[in-house]
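Colleague: Okay, here's what each chain looks like letter by letter:
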Amino acid sequence: MISPIQVISVFASLALIAFVISLIRRRKLREEYSILWIAGSAVLALFSAWRSLVDIIARLVGVAYAPAILLLIGIFFGVLMFLHITVVVSRHADQNKTLAQEIALLRNKIDELERKVR
Amino acid sequence: MKLVVIIPAFNESSNIARVISETKSSQPSAKIVVVNDCSTDDTEAIVKSVNETALSLPCNLGIGGAVQTGLRFAQDEGYEAAVQVDGDGQHIPSEIEKLMTPIVRGEADVVIGSRFLSSDSFRSTFARRVGIRILSVVNSALTGSRITDSTSGFRAYNRRAICFLSEHYPQDYPEPIAVIDLFRNGYRIVEVPVKMRERQGGTSSISAVKSIYYMTKVLVASLIAFTRKPVSKEAQK
Chain A
1 MISPIQVISV
11 FASLALIAFV
21 ISLIRRRKLR
31 EEYSILWIAG
41 SAVLALFSAW
51 RSLVDIIARL
61 VGVAYAPAIL
71 LLIGIFFGVL
81 MFLHITVVVS
91 RHADQNKTLA
101 QEIALLRNKI
111 DELERKVR
Chain B
119 MKLVVIIPAF
129 NESSNIARVI
139 SETKSSQPSA
149 KIVVVNDCST
159 DDTEAIVKSV
169 NETALSLPCN
179 LGIGGAVQTG
189 LRFAQDEGYE
199 AAVQVDGDGQ
209 HIPSEIEKLM
219 TPIVRGEADV
229 VIGSRFLSSD
239 SFRSTFARRV
249 GIRILSVVNS
259 ALTGSRITDS
269 TSGFRAYNRR
279 AICFLSEHYP
289 QDYPEPIAVI
299 DLFRNGYRIV
309 EVPVKMRERQ
319 GGTSSISAVK
329 SIYYMTKVLV
339 ASLIAFTRKP
349 VSKEAQK
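For the record, the sequence lines run as chains A and B.
Quick note on the working numbering: the first sequence kicks off at 1 and runs consecutively.
Quick note on the working numbering: the second sequence kicks off at 119 and runs consecutively.
These are computed hints drawn from the structure, not numbers from a lab.
Careful: at least some of the hints might be erroneous.
As the list claims (entries may be wrong) - Label pairs and their computed distance ranges (CB to CB): (1) B:142 - A:112: 12 to 22 Å; (2) A:38 - B:316: 36 to 46 Å; (3) A:79 - B:223: 29 to 39 Å; (4) A:76 - B:347: 27 to 37 Å; (5) B:331 - A:86: 42 to 52 Å; (6) A:94 - B:146: 46 to 56 Å; (7) A:3 - B:285: 54 to 64 Å; (8) B:345 - A:38: 55 to 65 Å; (9) A:79 - B:142: 31 to 41 Å; (10) B:251 - A:111: 35 to 45 Å; (11) B:252 - A:26: 45 to 55 Å.
What the hints assert, rightly or not - Capping the alpha-carbon separation at 20 Å, the derived lysine to aspartate or glutamate pairs in EDC-like fashion look like this: (12) B:149 - A:111; (13) B:166 - A:114; (14) B:166 - A:112; (15) B:335 - B:316; (16) A:109 - B:195.
Claimed, not checked - Anything over 10 Å on all C-beta distances counts as not near chain B; from chain A, calculated: (17) 5; (18) 11; (19) 18; (20) 32; (21) 39; (22) 47; (23) 73; (24) 75; (25) 77; (26) 79; (27) 95; (28) 103; (29) 104; (30) 105; (31) 108; (32) 116.
Note that the coordinates shown come from a computational prediction; the quantities given were computed from them, not determined experimentally.
Heads up, the beta-carbon is just placed ideally off N, CA and C, and yes, glycines get one too.
Looking at chain A on its own, in the form it has when it is part of the complex (with noise of 0.2 Å):
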C-alpha cells in the first residue's frame, strides 16, 4: 500500500536530484563536487521507492527500531558531505595563498621596472 509520505518522499528526492542536475547544467556547481550529492539523493530516493529496505537492513544488522538506520545513513552522509567540504575549502586556501604571493612578487617587479622606465 502506498501511503502519501512515501509519495511525497519520492517526490521530493527525485526533486533533489533534478536539482542538482540542474545546477551543474547552469554551472553553478562544478562536476567535480557534484558526485556525492547526485549519490546522496539517489540513496535517497531509493529508500523512499523501496520502503521495505530499511526494514531488510535493520534486520541484517540487528537495529531494533528501523527508522534509526534512516537517521544513521543520514548523518553519515552529512558527516561526509562536511568532510569533503573541508577539503575542497582547504585546497582553495592553499591556491589562494599562492595566488597572493604570486601577486607580491609580481608587484615587486613591476614596480621596480617602473623605477627602470622613469
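Following the hints, position chain B against chain A.
Modeller: Here is chain B on its own, set in the frame of chain A:
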C-alpha cells in the same frame, strides 16, 4: 655569498625602521626584503621610504605564508642564502653572523637561532617557556637531534633549503612543523645560541592564556607531520 634577509611584518610600523637599519649596518651587502602581510598601518610606506624592497601581500596570510613569499623571492632571484628576521625587533640583526657561520662553512642547510642555548638571554612568561620546552623535547625526539627552540623564527637557510621551503612551507604552525618537514626530507639542521630581545612594541601573536591550547595543536600537527612521506627528489627540483 649572495644573502637575502627576509623580514615578515604585520603592523610593525613602530619597529620596522629600526629592524631595517640594524640589519643594514650589520649586513651591509645583504638584500633586505620586507614581506608586508597586508598591514593596516604604514609599514609599507616606511619600508619604501628607506628604499628597501617590500613584498606586499594583497590579503593577510599569516606568518607562514609571509615567510614563504620571501623564500620564493629568494629562489626566483637566485640567492644562495636567506635569513629570516622577525619584523617586531625581538631578533638582533648583529646575531645574523652567528646564524650564517654553519651555512657559510657548509655544515648545515638550516640554522636555528636558539634563546635557550645561551644563558644570558631574555626570559619569556612561565607558560610560554614550558610550552616551548615541551615542543622542543618532542621535536628533538622526532628528529633525533637536539632542538631547544623549535618555535624560534630566527633562522638561516642555504640554497637547497630555500628551494625546498619555497615549495613546501607549512602554514599553520610554520616554525616547529618546518623543522620536522626539513628533517624528514634529509636536511641538516643546526642550532646556534643567540641573544634575543623582549618585544619592543605591539603584542605577541600568542598570548599566555592561549599557550597551552597552541601547544596541544602544534603537538598533534607535529606528530602528523612526522608520519608524512618525504617529498621525492624529482619533485623537489
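Colleague: Now, for every hint given, state plainly whether the structure supports it.
Modeller: Going through the hints against the structure:
no.: 1; hint: B:142 - A:112: 12 to 22 Å; in the structure: 19 Å, holds
no.: 2; hint: A:38 - B:316: 36 to 46 Å; in the structure: 58 Å, violated
no.: 3; hint: A:79 - B:223: 29 to 39 Å; in the structure: 53 Å, violated
no.: 4; hint: A:76 - B:347: 27 to 37 Å; in the structure: 29 Å, holds
no.: 5; hint: B:331 - A:86: 42 to 52 Å; in the structure: 20 Å, violated
no.: 6; hint: A:94 - B:146: 46 to 56 Å; in the structure: 38 Å, violated
no.: 7; hint: A:3 - B:285: 54 to 64 Å; in the structure: 60 Å, holds
no.: 8; hint: B:345 - A:38: 55 to 65 Å; in the structure: 34 Å, violated
no.: 9; hint: A:79 - B:142: 31 to 41 Å; in the structure: 54 Å, violated
no.: 10; hint: B:251 - A:111: 35 to 45 Å; in the structure: 44 Å, holds
no.: 11; hint: B:252 - A:26: 45 to 55 Å; in the structure: 53 Å, holds
no.: 12; hint: B:149 - A:111; in the structure: 16 Å, holds
no.: 13; hint: B:166 - A:114; in the structure: 14 Å, holds
no.: 14; hint: B:166 - A:112; in the structure: 12 Å, holds
no.: 15; hint: B:335 - B:316; in the structure: 25 Å, violated
no.: 16; hint: A:109 - B:195; in the structure: 11 Å, holds
no.: 17; hint: 5; in the structure: 46 Å, holds
no.: 18; hint: 11; in the structure: 45 Å, holds
no.: 19; hint: 18; in the structure: 38 Å, holds
no.: 20; hint: 32; in the structure: 24 Å, holds
no.: 21; hint: 39; in the structure: 29 Å, holds
no.: 22; hint: 47; in the structure: 37 Å, holds
no.: 23; hint: 73; in the structure: 30 Å, holds
no.: 24; hint: 75; in the structure: 25 Å, holds
no.: 25; hint: 77; in the structure: 26 Å, holds
no.: 26; hint: 79; in the structure: 20 Å, holds
no.: 27; hint: 95; in the structure: 12 Å, holds
no.: 28; hint: 103; in the structure: 5 Å, violated
no.: 29; hint: 104; in the structure: 4 Å, violated
no.: 30; hint: 105; in the structure: 6 Å, violated
no.: 31; hint: 108; in the structure: 5 Å, violated
no.: 32; hint: 116; in the structure: 14 Å, holds
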